[in-house]
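Enquirer: Residue numbers (my numbering): 34 to 646.
Derived from the structure by calculation, the hints contain no laboratory data. Be aware that a few hints might be false.
[Stated by the list, open to error] Taking lysine-lysine pairs in the DSBU-like style, the calculated list, with each CA pair at most 30 Å apart, reads:
id, residue 1, residue 2
1, Lys402, Lys81
2, Lys640, Lys253
3, Lys98, Lys81
4, Lys331, Lys463
5, Lys222, Lys81
6, Lys82, Lys222
7, Lys475, Lys463
8, Lys241, Lys222
9, Lys463, Lys417
10, Lys98, Lys82
11, Lys272, Lys331
12, Lys475, Lys487
13, Lys402, Lys475
14, Lys98, Lys241
15, Lys331, Lys98
[As the list claims (entries may be wrong)] Label pairs and their computed distance ranges (CB to CB):
id, residue 1, residue 2, range
16, Gly258, Ser114, 37 to 43 Å
17, Leu474, Glu324, 33 to 39 Å
18, Gly295, Arg261, 37 to 43 Å
19, Lys253, Glu212, 34 to 40 Å
Using N, Cα and C, we set each Cβ at its ideal position, and we do this for glycine too.
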Amino acid sequence: MAYQPIENYGIIGDMHTAALVGMDGSIDWFCYPHFDSPSVFAAILDDKKGGYFKIAPTAANVTHKQFYWPETNVLVTRFLSADGVGEITDYMAVTGDGRDDRHHPHQLFRRLSVIRGEMAFRMECYPAFNYARAEHKVSISSEGACFNSPDLSLGLSTRIPLQQRENGAVAEFTLGEGETALFQLQGIKVGEGCGLSLSAEEATEDFKQTVAFWRRWLSKSTYEGRWREIVQRSALALKLLTFEPSGAIVAAPTASLPEGIGGERNWDYRYTWIRDAAFTLYGLLRIGFTEEAAQFMKWLEARSHELNPDDSLQIMYGIDGRHNLTEETLDHLEGYRGSSPVRIGNDAYNQLQLDIYGELLDSVYLFNKYGSPISYDLWSYLRKLINYVCDNWQRPDEGIWEVRGGQQHFVYSKLMCWVALDRGLRLADKRSFPAERDRWLKVRDQIYEEIMAKGWNSEREAFVQSYGSHSLDASNLMMPLVFFLSPTDPRMLNTLNATLQPPERGGLLSNSLVYRYNLEESSDGLRGQEGTFNICTFWLVEALTRAGRVDPARLDQARLTFEQMLGHANHLGLYSEQTGPRGEALGNFPQAFTHLALISAAFNLDKSLGKKR
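Between the sequences and the hints, there should be enough to build the whole structure, so can you do that?
Expert: Set out below in structure tokens:
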């Protein structure tokens, strides 16, 4: 096998875990039974050792296409040739609300059919348990194959005769027009038997229920704007990244996909960042998905019962709420296209990132406004967090980008501390909650004046990354989005103009795409380069949109930038974290941060453009 481009993948899942399916018909990433469980297939991180599950034609000169079954997360991969057309329908079964993990079988279905002519196929299933660290035994029966490792056993059920090849199962077979073959993969108990005895009728019913689930869920969307299809795809992607048993939202379903090929910027994103989840909650609320927001609020309330001794939150947690996410490297895996080290776990959970309190309070404020009123008990914990911000906002921290080069006084961190106090005051007034109003108001105003004095660089005529810095940071585009500054304030317009310059002139814009900061000007403690940051491009769209309400040229620029950014989605409308110089996807995929920013930008841009079509 050879590594596929990251953008060649689609995603399927059941709100417990997810799998990446390549255009070549290979599942190259799958953790079981949960997002953050050890991988079973990880060929995307090592194409020789990682493990994969591939179904593909044996003929040469086959064209590959992928699309989603309309309004669902059911993925179809098509193979087109002169002699025939075949397709694999991949999905994970979803029934009911999927929240009861004890009775959730996590079934992965691969339904192969030939639409025209005749096609010969080869199926290869080579698990590599526990990130390819655990050995396993294979047993074959007339009903399928069993793969037994010390900690996990999987059963592959099919009516196609299988053969054992070393530590995997293979099959070669031919299907004629109208014929189908079904493959079902799920966890089994030792001694349960290899075959899962699933009838064609039962599989068809599971498929119908899964399609109905996704369509029923998507029907709750209230967005009817210009970009309905791409907004719906982003919403479906975000739903896939929700861990239903707890309401947590993972930043991405993958680990260690590189931000720069061959570099060390490879991180595990299968956890719940307070920041990412809060932004996601905002994005879903904007288009009517209040139930997901309510579920996350329950998860958040549970975390608020586990505050650190100083009344602070961690920046991130496991999807089950666990606190310890110790980082380790998997030196036996070479990494995607040789990008090492491969990391699982994430030591950033120990970092100080003061911006999370602003993002959190902003989301709670919006949930209280558009979802349902928050409880007094939750308010009592939020009150502690706001007081923590009052006591600690002047500290340097690692910031939104989780730098590993030392703490600084990041302007964005100060900005979001201001947001935390501002939203806390608004919540207290809106709900008449008890609060230290005088203290909060005094500190809020103190932060504001300090940002204007120390975050503004009069020489650059722009807000900069940190106090004393000359370098720009795209996170400062959030200032008008959180109502810190008017979008037409001269300081904001100057910062916007500076950002729109190319990197060689001190700006952050390249080919309509935005870098999060300039690596040549500000060190983050890591080696290597990275791509443009997709969420930052959508932030630019929103900043231009708001400025464009009084300047039509800015609004035109916002729309053009947005449309150009849509052109960088993959063939399925999915985005990774970053976009490389050739338009390639970089970083973990798909990325919640990017899709929620797309929803927000589409919502606000459509609103500003008005009802004309």
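Enquirer: Which hints from the list above does the structure break, by number from lowest to highest?
Expert: Numbers 1, 15 - these are the hints that the structure violates, sorted from lowest upward.
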